[in-house]
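Asker: The residues making up each chain are set out below.
Number of protein chains: 2
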Amino acid sequence: MNHVEVKVVGVVESSLTDVNLAPRQADESAPEASLVFHEEVREALRNIRPGDKLIVLTWLHRTQRNVLRVHPRGDPTREPEGVFSTRSPHRPNPIGLHQVEVTDVDGLRLRVRSLEAVDGTPIIDLKPVLADEVDRR
Amino acid sequence: MNHVEVKVVGVVESSLTDVNLAPRQADESAPEASLVFHEEVREALRNIRPGDKLIVLTWLHRTQRNVLRVHPRGDPTREPEGVFSTRSPHRPNPIGLHQVEVTDVDGLRLRVRSLEAVDGTPIIDLKPVLADEVDRR
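So the sequences go chain by chain: A and B. Everything in the first sequence is counted per the working numbering, starting at 1 for the first residue and increasing by one. Everything in the second sequence is counted per the working numbering, starting at 1001 for the first residue and increasing by one.
Here are some chain B residues pointing at chain A (derived, C-beta under 10 angstroms):
no. : residue
1   : V1008
2   : V1009
3   : F1037
4   : R1042
5   : A1044
6   : N1047
7   : I1048
8   : R1049
9   : H1061
10  : R1065
11  : P1080
12  : V1083
13  : N1093
14  : D1125
No wet-lab data here; the hints were simulated from the structure. A quick note: this is a predicted structure, and the numbers were derived from the prediction, not measured. Idealized CB from N, CA, C, for every residue including glycine.
Taking the hints into account, I'd like the entire structure generated from these sequences.
Answerer: In C-alpha cells, the structure reads:
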C-alpha cells in the first residue's frame, strides 16, 4: 500500500494517562483537556472562540495497526467485526475523531470539554462541526 | 513538526473529475460514487451492509498544504480565517471527512450516496457514524 505523510500539528494535554482507563467515547465521562498546537500552525487557529464546536483529529499512537477484526467493545463473547464497521482504535490508520466544545482560547492552547484521548496524543487536524453533524440530543 | 505515516487503504471512483467543479459539501448535489479498497484490508470491511451510515476519511491530494488562512468559501470579499475554523481542503493535513450511506457492497467495492470527493482520491479510513453524530435533518 502507498503512504502519505501527515504532520503532527499539536498534542493533547490531559489528566488521562492510562490508555486502558480512557473512556471509549466522549459521552462516557471524559475529562476536560487542552489542545496545545505548534507555533508553525498559529495562523490556522485564528477565529477559534470559546463556544465553538470542533472535530479534533488525533493520531492514536498507542494502538496496533495490523488489526483488521476486533470483538465489539473488547467483549470476547461477541463475534469479531471488521474494524471499518467499528470505532476501535486498533485499525490500519488509527485516526481518532473527537467532537469537542472549546471553553477557553489562550494563544496556541485551546481548552476543550470531554476529550477521551490520553495525555500526549498527537493532533493532526481540527475542523468545525457542520450544521448537519451537530449533536442534537 | 514530526510526521506520521498513513497507509492508503483504497481509492474513490467517481464521475467527479474536476476538483474545481466538486461541490464543497455532500449536501450540495454530490453524485453517487464507489469506494474501492485494497486487498490487504478486505477483513476490515466485514459487517458493512447496505444502509450503513459511515464516515469516509480521504486524503485530498490535490490541495495546498502550506495554506494557514483562507477566504471563507473562496470569497475574496470576506475576511480570511484560520483554516482550522473552516472546512477548506487547503490545510496542513488535507484530510476529508465525508458522511455517506452505503447502497451496495460487492467484495472490496462499496457503493455510496453523495460523495463530494473527486475520482482518484485516496481513502485512509472508514468508520461508523455514532448515534450522536447522525444527521437528523
